[in-house]
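Given the sequences, and given the hints that come with them, work out the whole structure.
Quick mapping for you: the protein sequence lines, in order, are chains S, D and A.
For the first sequence, position 62 matches number 62 in our numbering, and the numbering has no gaps at all.
For the second sequence, position 59 matches number 59 in our numbering, and the numbering has no gaps at all.
For the third sequence, position 47 matches number 47 in our numbering, and the numbering has no gaps at all.
Among the hints, a few may not be true.
[Unchecked claim] With a straight-line Cα cutoff of 25 Å, these simulated DSS-like cross-link-like pairs (lysine-lysine) come out:
#1 Lys-65(D) / Lys-170(D)
#2 Lys-196(S) / Lys-236(S)
#3 Lys-157(S) / Lys-132(D)
#4 Lys-170(D) / Lys-196(S)
#5 Lys-177(S) / Lys-196(S)
#6 Lys-236(S) / Lys-347(D)
#7 Lys-157(S) / Lys-177(S)
#8 Lys-177(S) / Lys-236(S)
#9 Lys-157(S) / Lys-236(S)
[To be verified] Short, incomplete list of chain S residues facing chain D, as computed with Cβ under 8 Å:
#10 Tyr-8
#11 Met-43
#12 Trp-49
#13 Gln-72
#14 Thr-78
#15 Asn-79
#16 His-165
#17 Gly-166
#18 Tyr-172
#19 Pro-188
#20 Pro-190
#21 Glu-253
#22 Asp-258
#23 Arg-262
The hints are simulated quantities; they were obtained by calculation from the structure and are not laboratory data.
Even for Gly, the Cβ is constructed at its ideal location relative to N, Cα and C.
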Amino acid sequence: MTDGMQDYNFAYLDEETKRMIRRALLKALAIPGYQVPFASREMPMPYGWGTGGVQVTAACLVPEDRLKVIDQGADDTTNAVSIRGFFARTAGVATTERTAEATLIQTRHRIPETPLREGQILVYQVPIPEPLRFLEPRETETRRMHALEDYGLMHVKLYEDIARHGAISTSYAYPVKVAGRYVMDPSPIPKFDNPKLESPAIQLFGAGREQRIYAVPPYTRVVSLDFEDHPFEASKPDHPCALCGATDSYLDEVITDDTGARMFVCSDTDYCAGRRAEGAA
Amino acid sequence: MYVAVKGGARAIENAHAWLAEERRGDPGVAELSVAQIRGQLTLAVDRVMAEGSLYDPDLAALAIKQARGDLIEAIFLIRAYRTTLPRLGATLPVDTGAMACDRRISATFKDLPGGQVLGPTFDYTHRLLDFKLAAEAAQPEAERAAPDLRPKPRVTEFLNQEGLIQDEAKAEDAPPDLTRAPLEFPACRALRQQALTRGDEGFVLGMAYSTQRGYGRNHAFVGELRIGTCSVEMEIPELGFAVEIGEVEVTECETVNQFAGSKTEPAQFTRGYGLVFGHGERKAISMALVDRALRWRELGEDDTGAPAQDEEFVLQHADNIQATGFLEHIKLPHYVDFQSEIELVRKLRAAAGEAPDD
Amino acid sequence: METQPLGGGFSDPPMDSARAFRAALEAMARPGTIRRIEGARAPAPLSSAAATLLLMLCDGGTPLHLAPGHDGADVRAWVTFHTGAPLVGRGAARFAVGGWPALGALDEYAQGTADYPDRSATLIVECAALRPEGARLTGPGIRDATHLSLPGIAGFRSNAARFPLGLDFFFTAGAQLAALPRTTQVEAG
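Right, dumping it as structure tokens:
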């Protein structure tokens, strides 16, 4: 690919755009879980491929950062490679695949297994930021529900699940209540990851096409919605990782031959590689 | 022993190289020049400028070449480029009444001051494949007439003199800018029109068509359709007056819509308005119909529940760059979410006692 | 201290504003913690921390209120030249800067609306110094509790009581920066 990126500003976005995003990010931190509208720009990658996360990352990056980008938990998935390359080129920042070494991590669909710490920022790519969207397609209606803290529709949905299936049938993008006020979509992470939303790190969420930014500050209470008689359960496939033996990590199911044989391996490639390097399994 | 798939970076590089080769096609055939695309695929160039929201025929032609003729991809290239451009200022509103028209027709009056000017239209061609074009024969030059300099006042102004058509008040405030502020509902008409003019031609056409078939019908006539060039002027603070900085070709359509009156408005004709960059009359007419359909609230009409009356539905789904991105993103890996679904289905089946032997 | 209205801007705007933002982001995410922010120099009495915040956040689209004491010809000229922010009264301000009493009644600033609680003002409160002592702060962003030398208690308590509406605050002193969002519970320390 020819470069030509040297004609663009640091981290691609112009300063006026970054100021607009930065103002939105500060308000997002001040109102945890509330979706701040922002004038999302067209990026040189398609909507739906992480433009919100990319804009948030671009507004946050400093030259001293060490950037990690994952998709489905893996550093080497094509879209993660593409986004990491974009910032290496436009911001000149160092990159890493090690969760522990990264200062800023952009993610799609996973929270890393290695616990995050203070000084780290986790940026989520969000496709549909509105947790009520599939219950009520109208923005004017869902905005009113948030304003009135009227989340009855969501509870009815979850309860109907239980009535019909005996369990809540939401397995990813499982809704949470943040700091006791706003119901929030944690992006399509598996519900296994939900407990990690309470973190010492700063968590920022960017939805480019839908023009929304929201945030969970460090040490903020994040409760997965549930019922007393059907408490939330952060479940995962009941297997150890076939590569590193981990029993505490989220697993991908891999089909290994045409007779349907399969194995389970860590979705977090850095976590798995780290354990194997340490001689586990 | 299983080894996880690696090599995303190399796969991407190889895909790009292959793509470049496919774009070029057979090297034994002369390469298309940007000038050829600009000069000979003008309607494609115009669509890319209109939906890309950037008036630059050379860049639009380049985008079409780079996109292998995929116009939505070309529009995307233009949008992504546009977003990096600094905003130097705002021009004065373009006066389409003073347009130098290549084409100007009215369906509501047989003749009118300024005359009917057919212009370069497909309208009365017979859609027969012209095999002479395949032979690349020289084209005889069209006959030329003296430039038609008669002023062409807008048709709707005649109706307005009689009070038969709803008056459009001049807005005092600067209109909001869809590309600089997040979309908010309810949207004002200026914002709706911005979304429509850069909206996907096929989507806006489909919405307009649905109003003709009874989903929010509003009985539109093409009061006037005009295509031509308008001068673009900008106030220069240092000079204290406006200077012409260039000209743009635009297509404007104003529909005249039957209206029996409502609880709040007297019986009179109402208007729908469409304006797009370049020569794009299908889009301009479609936009005018949808614009009119979206005005139900302001005119005191009933919301019949028609899709074209629903501004959240129309505005949220008209943009083909947003739509194609989100649609195509389902090609990206989703195996983490899918895994959680598999697990849930297995669990529900096990709970129901239907688990297959494992 | 800068005396020329054209001087004192960022020497490398993309880098200076990026680093300034990270300091502000960390400050807002971890209420009460004190960090350094620098890059801009403005005419007195504007601190370099406040000046840096203004350059990083303000432009022609963000109306700014200069509280009495900060509303002088030099500061006006500097802010206008470097940011282009329109200077306005409290009610229209997205940002305001000044000393604690001079900023005036908090309820005269935009508090946001139930539909859009983000549409509230952010106040930059200039202080003599910031110390990790005094008022006890708890809430999102704070693991247990933290302490900050706030210029008062009651105003911040009634602001927090309005949540999800309310103002958000930065505190500046020299090159020091701290923040207090509307979510923070404030008690006398």
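- Message: Could you work out which of the previously given hints the structure breaks and list their numbers from low to high?
- Response: 1, 3, 4, 22, 23
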